[in-house]
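**Q** Chain by chain, the residues:
There are 2 protein chains.
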Amino acid sequence: MSDHSDHTHDHPHKHRKDIVNRLSRIEGHLRAVKEMTSEGRDCSEVLLQIAAVRKALDNAAKLLLKDHLEGCVVDAVKHGDEEKILADLNKALDHYIK
Amino acid sequence: MSDHSDHTHDHPHKHRKDIVNRLSRIEGHLRAVKEMTSEGRDCSEVLLQIAAVRKALDNAAKLLLKDHLEGCVVDAVKHGDEEKILADLNKALDHYIK
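Residue numbers (our numbering), protein chains in the order written: chain A, 335 to 432; chain B, 335 to 432.
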């Protein structure tokens, strides 16, 4: 298992594959936005597309968060080992939502 | 000139190149986040990185918006031709900030 974290990832992550696919699509979308920008396309059009990328990113993050809550957090609480995982999650949420 | 818009892009866009570079870096960052995700890295770590991508995207959008205001919008107003550009910009802002 990865040593990047104190908790191991031995429970299932239902949406992990879906999240990876979403991130792939977002990457492609972002590449297209970059091309639009370098072609000198209208600023408002580019801004609209950046807004769409941002929304897709938020939805991927939401799915990741749901996975995390249902999998890692529930698992950690059941093992009486939730302190670190909740601290890490709080930190991530503080960065995400401000 | 592109026919995607009613207004032409004959004024300078000071930050256009910077924005393209930023979008390139964000694309690379997003690719790394996708790899972290498919490797099963800790959810909070991934969420932190998605938050960083989102912030970088917001900063690119901000720069684009400044360029647009200083260049396209000022130009359109000077030519008494601001109606469409402001309508498009309002639409883009409505999508961006909600």
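Just so you know, the hints here were simulated from the structure itself, not pulled from any lab data. All values derive from a computational prediction rather than experimental measurement. Among the hints, a few may not be true.
If several chains are the same, the list does not tell them apart, and a pair holds so long as it fits within one copy or across any two.
Derived SDA-like pairs: lysine to any residue, alpha-carbon spacing no greater than 25 Å straight-line [said to hold, decoys possible]:
hint	residue 1	residue 2
1	Lys396	Tyr430
2	Lys400	Asn355
3	Lys348	Lys432
4	Lys432	His413
5	Lys400	Ala390
6	Lys396	Glu369
7	Lys389	Arg375
8	Lys412	Leu397
9	Lys418	Arg365
10	Lys389	Glu361
11	Lys412	Ala390
12	Lys432	Leu399
13	Lys389	Gly362
14	Lys396	His363
15	Lys412	Arg365
**Q** Each hint should be assessed against the structure and marked as holding or not.
**A** Quick rundown of the hints versus the structure:
Taking the shortest Cα distances, Lys396 and Tyr430 sit within 25 Å of each other both inside one copy (11 Å) and across copies (18 Å). With identical chains, the CA atoms of Lys400 and Asn355 are at most 25 Å apart within one copy only, with a shortest distance of 16 Å there and 33 Å across copies. In the homo-oligomer, the alpha carbons of Lys348 and Lys432 never lie at most 25 Å apart, since the shortest distance is 28 Å inside one protomer and 30 Å across protomers. In this assembly of identical chains, Lys432 and His413 lie within 25 Å of each other by CA distance neither inside one copy nor across copies; the values are 31 Å within and 40 Å between.
In the homo-oligomer, the alpha carbons of Lys400 and Ala390 lie at most 25 Å apart both inside one protomer (15 Å) and across protomers (24 Å), since each shortest distance falls under that limit. When the C-alpha separation of Lys396 and Glu369 is checked against a cutoff of 25 Å, the pair qualifies only between copies, where the shortest distance is 18 Å, while the shortest distance within a copy is 28 Å. Taking the closest pair of Cα atoms, Lys389 and Arg375 come within 25 Å of each other both inside a single copy (21 Å) and across two copies (23 Å). Taking identical chains as interchangeable, the C-alpha atoms of Lys412 and Leu397 lie at most 25 Å apart only when both belong to the same chain, with a minimum of 22 Å there against 47 Å between chains.
In this assembly of identical chains, the alpha carbons of Lys418 and Arg365 never lie at most 25 Å apart, being 37 Å within a copy and 27 Å across copies at closest. When the C-alpha separation of Lys389 and Glu361 is checked against a cutoff of 25 Å, the pair qualifies both within a copy, at 13 Å, and between copies, at 16 Å. When the C-alpha separation of Lys412 and Ala390 is checked against a cutoff of 25 Å, the pair qualifies neither within a copy, at 32 Å, nor between copies, at 37 Å. Taking CA atoms no more than 25 Å apart as the test, Lys432 paired with Leu399 passes in both settings, with 16 Å inside one copy and 21 Å between copies.
Taking the closest pair of Cα atoms, Lys389 and Gly362 come within 25 Å of each other both inside a single copy (15 Å) and across two copies (19 Å). For the identical chains of this complex, Lys396 and His363 are neighbours both inside a copy (19 Å) and across copies (19 Å), given an alpha-carbon limit of 25 Å. Within a single copy, Lys412 and Arg365 get their C-alpha atoms no closer than 42 Å, and across copies no closer than 34 Å, so neither meets the 25 Å cut-off.
When held up to the earlier numbered hints, the structure conflicts with 3, 4, 9, 11 and 15 and fits the remainder.
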